[in-house]
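J.: Listed below are the residues making up each chain.
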Amino acid sequence: MKVTVKLIGPLIYAAGFSEKEITLPDSAAAKDLFARIKLDKKRPTIITRNGNAVSAADKLSDGDRIVVSPLYSGG
Amino acid sequence: MKGWIGNILRVNLTSKTYKKESFTEEFARKWVGGRGFAVKILYDELKPGIDPLGPENKLVVALGPISGIPAPNTGKCIVAAKSPLTGFYGDGNLGTKVSDQLRKAGYDAMIVEGKAEKPTMLYIDDDKVEFLSAEEMWGKGTYFSNDWIYAKYGKNVGVLNIGQAGENMVRYAVIRSMEGRAGGRPGIGAVMGSKLLKAIVVKGTKTIPQADPAALKAAGYGDLKTVHEMDKKSGWSIQSTNGVLAWCNEVAALPVENCRKTSHPDAWKVDGERLNNARVATYGCPSCTMKCGITIHDKEGHESELDYENVALLGPNLNIFELDQVGSLNYLCDEYGMDTMSAGCTLSFYADAIARGAAKGDFKFGDAERGKELLGMAARREGKVGNLLAEGSLRMAKEFGHNSEAYALQVKGLDIAAYNCKFIPGQALSFGVGPMGAHHKEAWIITFELKNSTRDSYGADKAAKVIELQRIRGGMFEFMVACRFPWIELGWKLDNYPRYFNLATGLNWTLDDMWEVADRAYSMIKLHYIREFPDSTRKGDYPPAVWFDTANSDKEGPIAGKHLDMEKYDQLLQHYYDQRGYDKRGIPTKETLGKLGLSSEASAAEKYAKLS
Chain A
1 MKVTVKLIGP
11 LIYAAGFSEK
21 EITLPDSAAA
31 KDLFARIKLD
41 KKRPTIITRN
51 GNAVSAADKL
61 SDGDRIVVSP
71 LYSGG
Chain B
1001 MKGWIGNILR
1011 VNLTSKTYKK
1021 ESFTEEFARK
1031 WVGGRGFAVK
1041 ILYDELKPGI
1051 DPLGPENKLV
1061 VALGPISGIP
1071 APNTGKCIVA
1081 AKSPLTGFYG
1091 DGNLGTKVSD
1101 QLRKAGYDAM
1111 IVEGKAEKPT
1121 MLYIDDDKVE
1131 FLSAEEMWGK
1141 GTYFSNDWIY
1151 AKYGKNVGVL
1161 NIGQAGENMV
1171 RYAVIRSMEG
1181 RAGGRPGIGA
1191 VMGSKLLKAI
1201 VVKGTKTIPQ
1211 ADPAALKAAG
1221 YGDLKTVHEM
1231 DKKSGWSIQS
1241 TNGVLAWCNE
1251 VAALPVENCR
1261 KTSHPDAWKV
1271 DGERLNNARV
1281 ATYGCPSCTM
1291 KCGITIHDKE
1301 GHESELDYEN
1311 VALLGPNLNI
1321 FELDQVGSLN
1331 YLCDEYGMDT
1341 MSAGCTLSFY
1351 ADAIARGAAK
1361 GDFKFGDAER
1371 GKELLGMAAR
1381 REGKVGNLLA
1391 EGSLRMAKEF
1401 GHNSEAYALQ
1411 VKGLDIAAYN
1421 CKFIPGQALS
1431 FGVGPMGAHH
1441 KEAWIITFEL
1451 KNSTRDSYGA
1461 DKAAKVIELQ
1471 RIRGGMFEFM
1481 VACRFPWIEL
1491 GWKLDNYPRY
1501 FNLATGLNWT
1511 LDDMWEVADR
1521 AYSMIKLHYI
1531 REFPDSTRKG
1541 DYPPAVWFDT
1551 ANSDKEGPIA
1561 GKHLDMEKYD
1571 QLLQHYYDQR
1581 GYDKRGIPTK
1591 ETLGKLGLSS
1601 EASAAEKYAK
1611 LS
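Heads up: the sequence lines are chains A and B, in that order.
Numbering-wise, the numbering used here puts 16 at position 16 of the first sequence, and it's gapless, one number per residue.
Numbering-wise, the numbering used here puts 1432 at position 432 of the second sequence, and it's gapless, one number per residue.
Keep in mind the hints are simulated off the structure, nothing from the lab.
Check before you lean on any hint, since a few could be wrong.
Think about it this way: if two alpha-carbon atoms lie no more than 25 angstroms apart in a straight line, the pair counts; the simulated PhoX-like pairs of lysine-lysine are [stated by the list, open to error]: (1) A/LYS38 x B/LYS1584; (2) B/LYS1232 x A/LYS38; (3) A/LYS20 x B/LYS1590; (4) B/LYS1128 x B/LYS1152; (5) A/LYS42 x B/LYS1451; (6) B/LYS1607 x B/LYS1590; (7) A/LYS38 x B/LYS1233.
Derived coverage of chain A by chain B (criterion: at least 3 residues anywhere in the stretch with Cβ under 8 angstroms from a Cβ of chain B; other residues may be distant) [what the hints assert, rightly or not]: (8) 2 to 10; (9) 46 to 52.
Estimated spans, in silico, between C-beta atoms of each pair [said to hold, decoys possible]: (10) B/GLU1136 x A/ASN52: 54 to 62 angstroms; (11) B/GLY1139 x A/ASN52: 49 to 57 angstroms; (12) A/ASN50 x B/THR1510: 23 to 31 angstroms; (13) A/PHE34 x B/LYS1384: 53 to 61 angstroms; (14) A/ASN52 x B/GLY1506: 29 to 37 angstroms.
This one's a predicted model, so the numbers in the text were calculated from it and none came from an experiment.
Cβ atoms here follow ideal geometry from the backbone N, Cα and C, with glycine treated the same way.
Please model the entire structure based on the sequences and the hints provided.
T.: As C-alpha cells, then:
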C-alpha cells in the first residue's frame, strides 16, 4: 500500500523531506512507517491520520495521509 | 527582603508628581509580581464602573523577582489596566529591556495615574522621573518613536511606546518595545493613549538585591547556554511558532474565512517552511537564546516580524495566502501599534458581516489591499468605518445586529488566538474560561486532546488539563514574568523556575506554592469580572457561538459535519467550575476564596454578587 507522509516544523529538517509517498506492506502499522523515517524516536510526537490521532500499533490503509508533528504546546 | 526590591513607583501625569512606595514581604509572597501584582493593585485602586479610557484608569507595569537576572527568557514585562476592549481587568506581556532597567532603577512595578496636559514621555533615570514633551513623536508610528528614543538615549534603555492606534484609543491598541515586541492585547496601548502618554523610557544603574547572586548568575548563564543547545538540537526556531500552522491545517484547527473553514489547500503558502525560506533576520527578547521573531520583506519592502498568531489571523482567516501581503498587514499593525490578533478577527468579522448581509461595505475575504487601507482607517479612527473597526468585533456586532454577535470571534470581548475550535472542545473551554477572554497564553490543550483523549470527548480530564496549564502558563509564567517557550517547546523543566525564585529570594518554594499563587491570581481576575458584570458570569465563559452552529460545520475533511455540542459544553464547563471550586455561576465560593487568603476581597465582592 501507499501512504502519504507529511512532516511538520523541525521534523522536516531532521528527516530531510517535507512530504512524500511511502510504500509499505499491506499490514503495516503506524510504528512501521515511523521506523522508515529518519527521526529521533525518543522525541515526543503526535501522529495523525486524516486529521485524527493514531497510536503506534494502529494499522494503516492504502491512501492514508499521515502527519507526524512535534508535540507543540501552542505559542 | 531579597529578590524583591520592595518599591513601587507611582507617577501622576495630571500633577506631574511621583513617589516611591514600599510594599510588605507579605504582599510580595502573596502576589509574587507581574500579573499577581497587577490584579491586586488594580482591584484595590480602581472603582468599578470607571471609564477605561478616562483619567481614573491606571496603568500598571509590573515585573517579578527574577526580572533582571540572566536566566532563560526572563526579559519580559507585564502591562495591565482596566481594558477598554473588555471592560474589566486586562493585561499583556512583552519582551523589553524595561524588565531589567526598571528593577535596576529601584522598582518592582510602576503605577501611572491621571492624564497629561499634552503628549508626554516619562523618562525614569534611577530615582529621578522627568515629564518630557512627546510632541515630536505624537502622530507617528512605533518604529519612528522607538528610533527617536534610541537616537536620544541609546539602545540600552528600556522602552514602552504606542503608535497612532494607542493615541486614537483603538480598543485593541497594544504597547510596543524594542522595534518588534508588543503586548497588552486588551487595549492597554489605548490606556496609554488616553493619558496622552506616548512613551516610557527607563534607565537604571543599581544592583538588584538577591539572596545568592553568585549562584543565580552561574545558574542563569549556564541555563541560557543549555536552552540554546536544546533549541539547536530540536530545530524549533527554524520555523518558530509558525511551525504549527501546517499542523493546524492538517487537523482542521486553522481559522479560515472568519472560522467558516478549518483548513485550506493554499495554507502551505504561508506556513513555517515558506516563512523560514523568506527569512531576512531573526529577533528576540532580552535574555533569550531561542529567538522566535522571524522577519521577512513585506509587499512594500518593510521588514515585518511574523509569528503563527499573526500569520494565521491576518492570512488564512482573511483568506489571504500571499506571505508578503500577510507581512504588510502585520507591519501596519506593528507600526500603528495594534494587536494583530484582534485586528485580524475584526477584519474577518467585517468581511463576514458584509457577506452575510448584516453590514454594508466593500471589504471581501482575500482583499489584502483593502485590508491595509482599513487598518489605517481604524488606527486613525477615520470616518464611520474607521471608527467602527477601532471598536473591535463585539461592539461592531452589537451595532450591526442581525445576530452577527454569533460569528464575532471573541470571548468576553477579547478576540480569539488562531485556533479554530469548531470541533476541539477542550481548547474551546480554554478560550471560554480564559480569565481575560480568549487568550492563548492561559492554556493550550489541542495536542493533549487529540493524542490522549478523543476529539469528541467533553470529559473531566480536559477540564483538569485546562486548569493544570492555566496554573503554569497564565499563572506561574505571568506572575514570575518569564516566557513559557523554553518549557513548552523545548521541554525545559518547570522545576527550574522555583529554583531561580529561591536563589533570588532565599525562600524554599516548590511548584505547589506557585500553583497557589496562580489560583489566587485567577480568582482575583474573576472578582474583577464579577464587579463589572455581576449578571453575566457564566454567560461570559462560552466560546464563540459560531462553533456550535450546525450550518457552520465543515462540508469535507476530518471533521465534516461536526461542531461543538452546547449541552456537552455545559457539562464540560461544570467540570471546570467543580474542579476550580466555583459555583454554577462560575463564581469562586467563599470557601475557595478563603483557602486562597482572599476573604477580605470576597467580602468586598459581595457588594456586587452574593457568594455561595
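J.: Verify the proposed pairing of A/LYS20 with B/LYS1590, using a straight-line Cα cut of 25 angstroms.
T.: violated, 58 angstroms
J.: Keeping to a limit of 25 angstroms between CA atoms, is the pair of A/LYS42 and B/LYS1451 held or broken?
T.: holds, 16 angstroms
J.: Between B/LYS1232 and A/LYS38, does the CA-CA distance stay at or below 25 angstroms?
T.: Answer holds: B/LYS1232 to A/LYS38 is near 17 angstroms, not above 25 angstroms.
J.: Verify the proposed pairing of B/LYS1607 with B/LYS1590, using a straight-line Cα cut of 25 angstroms.
T.: holds, 14 angstroms
J.: Could you say whether the range 29 to 37 angstroms given as a hint is met by the Cβ separation of A/ASN52 and B/GLY1506?
T.: violated, 50 angstroms
J.: Is the Cα-Cα distance between A/LYS38 and B/LYS1584 25 angstroms or less?
T.: Violated, at roughly 51 angstroms.
J.: Honestly, do B/GLU1136 and A/ASN52 meet the 54 to 62 angstroms range at C-beta?
T.: holds, 57 angstroms
J.: Given the hinted pair B/LYS1128 and B/LYS1152, is their Cα-Cα distance within 25 angstroms?
T.: Holds. B/LYS1128 to B/LYS1152 sits at ~17 angstroms (cutoff 25 angstroms).
J.: Assuming the hint says 23 to 31 angstroms, is it satisfied by the Cβ distance from A/ASN50 to B/THR1510 or not?
T.: violated, 43 angstroms
J.: Does 53 to 61 angstroms hold as the CB distance between A/PHE34 and B/LYS1384, or does it fail?
T.: With a Cβ separation near 57 angstroms, A/PHE34 and B/LYS1384 satisfy 53 to 61 angstroms, so the hint holds.
J.: Under 8 angstroms between beta-carbons, do enough residues of the region 46 to 52 of chain A, three at least, approach chain B for the coverage claim to hold?
T.: holds (count 5)
J.: How does the Cβ-Cβ distance of B/GLY1139 and A/ASN52 compare with 49 to 57 angstroms: does it lie in that range?
T.: About 52 angstroms separates the Cβ atoms of B/GLY1139 and A/ASN52, which means 49 to 57 angstroms holds.
In summary, the numbered hints that this structure violates are 1, 3, 12, 14.
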